[in-house]
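**Student:** For reference, the chains in residue letters:
There are 2 protein chains.
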Amino acid sequence: MNMNFDLEREVPILEWETHMSARAKGMKSSAIRELLKLTSQPDIISFAGGLPAPEFFPLRAVDEACRHVIKENGAEALQYSATEGYQPLKEFLANQTHKYGVPAKPENVLLTNGSQQALDLLGKVFIDPGRFVLTGRPTYLGAIQAWNAYQGRFHTMRVDEEGMIVDEIEHAYEKVLKENGKPPAFIYVLPNFHNPAGTTLSWKRREKLAEIVTKLNLPVVEDDPYGQLRYGGEDIPPICTLIPERTIYLGTFSKTLAPGLRLGWIICPEVLMQRFIQAKQGSDLHTPTFAQYVTNDICQRGLLKPHIQHLRGVYKKRRDTMLDALEEFWPEGCSCTHPEGGLFLWAKVPETIDTNVFFREWALKEKVAYVPGVNFYPNADGGKHAMRLNFSYAPPETIVEGIRRLGVALKKALAE
Amino acid sequence: MNMNFDLEREVPILEWETHMSARAKGMKSSAIRELLKLTSQPDIISFAGGLPAPEFFPLRAVDEACRHVIKENGAEALQYSATEGYQPLKEFLANQTHKYGVPAKPENVLLTNGSQQALDLLGKVFIDPGRFVLTGRPTYLGAIQAWNAYQGRFHTMRVDEEGMIVDEIEHAYEKVLKENGKPPAFIYVLPNFHNPAGTTLSWKRREKLAEIVTKLNLPVVEDDPYGQLRYGGEDIPPICTLIPERTIYLGTFSKTLAPGLRLGWIICPEVLMQRFIQAKQGSDLHTPTFAQYVTNDICQRGLLKPHIQHLRGVYKKRRDTMLDALEEFWPEGCSCTHPEGGLFLWAKVPETIDTNVFFREWALKEKVAYVPGVNFYPNADGGKHAMRLNFSYAPPETIVEGIRRLGVALKKALAE
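Going down the list, the protein sequences come from chains W and G. Mapping to the numbering used here: the first sequence position 355 is 356, numbers consecutive. Mapping to the numbering used here: the second sequence position 348 is 349, numbers consecutive.
For reference, chain W alone in the conformation it holds in the complex (with noise of 0.2 Å):
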């Protein structure tokens, strides 16, 4: 037997291209990841990723409830477990979300990795190649890039500052009926301080979406990373309180606690659970018991709760700061939508400018990223002007640099 492998040797490249699927062959980079490159730099402001303030993290709560759970029930947390999740965290997100006034039993939770795993499972359970997914425009990109990966396509309805306009949804559904034979796969709705748009869907919208998916018998998929992060107003009921019969709910622990550990939550109907749990098991068996156990025990000690509302005062003064930096550095003909909650605003420039040009001729130069608008049309048809900032990452001055140094950039810009 040969073990003197010759490790420096030349190994050949082959063309795995041809080997591949037609899946494969359509999946393109997240726009993000490539900019993210172009920014990691250390001198970059960057407004670019949707991560949370580290310097929040519950270090504490999370040091305590490791050593909680290896102490009681170590070889339960690090052994295989359910597919659906560990029984007292399922009841936990039951119970919260029972108080919003879904009827949720623990049978209707599912863990997943993420709310990024629930999207994959989604397109593995929902898309045929080719088949439409209703959505507004712009719209979540980890959406799209997750669909993409399935052939999906996306037929879109406008988003103003009400969010979703939902009076177009019934002739974009008669349109994709027509246009593909099949109706679409569901609607894909971003209620609150939507990611990139940050406006949030009125109840009155919720409750004309509830009547129009009942009359066209269309599933809705109800993304909901941000809810609890309200920084204004008044709470509005999830659409699944409304028709939770056919509303697939998609939570996460990513932004109130710690996206590292990667732990989200699809609530939906028992009768459809059965696949999701059928589609995870070949995904992945099931979700890591370890970061399951630990979160909960967060939770039912009571330390996310506070940990919120913690989390709600930073976040508040970040977006106010913001806020109050456009208003200052920005130029004439520049706007941008006022988030009651969440991680991000969308702000437009002027006509003249092309937000994706702008990143790399004038941006990048003043030390600043953003986001650009395009990214979050599935169609590439709009956002050409439009940019989405985080405000949830950078502290307060830095933020004011940052978007000081965008204001110079475009003042630059229409100088030109």
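No wet-lab data here; the hints were simulated from the structure. Predicted, not measured: the structure shown is a model, and the values here were computed from it.
Incomplete in silico selection of chain G near chain W, CB under 7 Å: (1) L8; (2) I14; (3) Y81; (4) N114; (5) D121; (6) P220; (7) T242; (8) G283; (9) D285.
We put the beta carbon where it would ideally sit given N, CA and C, even for glycine.
Let chain W serve as the given structure and place chain G on it in line with the hints.
**Tutor:** Just chain G now, with coordinates in the frame of chain W:
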């Protein structure tokens, strides 16, 4: 705004099936999953699962690692991180593999949520609906499940004491090409301590396989979850040492450290890596940061190697106990593989016994469980008189009692 929802209200049940993808309609629940439901009573001795022995999980090492990580890198470990994985852990894995003759660099490593996610990503990147995969019969159940979800099909070669009969590959390839008009997407091999067969692919056959797949221009998926758990004989270098340019190697910490962390990895050519990263980004953004930091801490402190050394002793004893008990308690006409490592052996019973029927009618009555062989045949064309037995989970005295019970049941069934 009406917030007074009736939580006890009747929620209508929709016909979700009509909304689903063709993919979802073809999904089946894992047989193991259904069986485990039957075996959850505490008085049943189950050899059905593939669980490591929980009493040997390195709780202290994990405890210390959690403390180190939170103290030294808390904020980074709880934040979003790179899709490809944590750099120091990638370096560790590349180095480790390097020792076996693989010219792997950190850029060739991708961290996954257990190796089940690696199987899922393979499906996503390589399997178009109806596309064939070549593999042995029997083969790993989790792979069948992962690729069924992408509507893959299987063409199989026989497995004997030396592992997959590689002389059958070329014929199988030709048959697939003729039937499908396309070559198989790849060949899937479990070279070490095969799950479920317990056999090891000889060095001679590895060389032959490398030669054949190179001639056919066929990618190889080398799944090696148990390679480090060898209890006798000599290590055999992995296939990827011979043909790194066309091998996608899968490893995991599930059997050596703990499955509840859900950490596996892919080693593959860099030109292919980009696609896996894209696929994984859409699937779940990245593997949990915290689990990677904790595992890396354990690896870098050199705690994994002695732990594996310890496990080898424990599992060797359990394997030997099971082999001795089989010898002692089972009737004439039965046989089994003598695995040199891993967690499973494959037992054959007389042809008058169908192990699926026997499971429900005899084994459960004697309070003992296993996985019937047919579940490991993707085309259900064998395994009717075989079963997979796990020897890692139960302590020796339980193994003896369980095998005795199976012996009693077999004798009763044969006397019918």
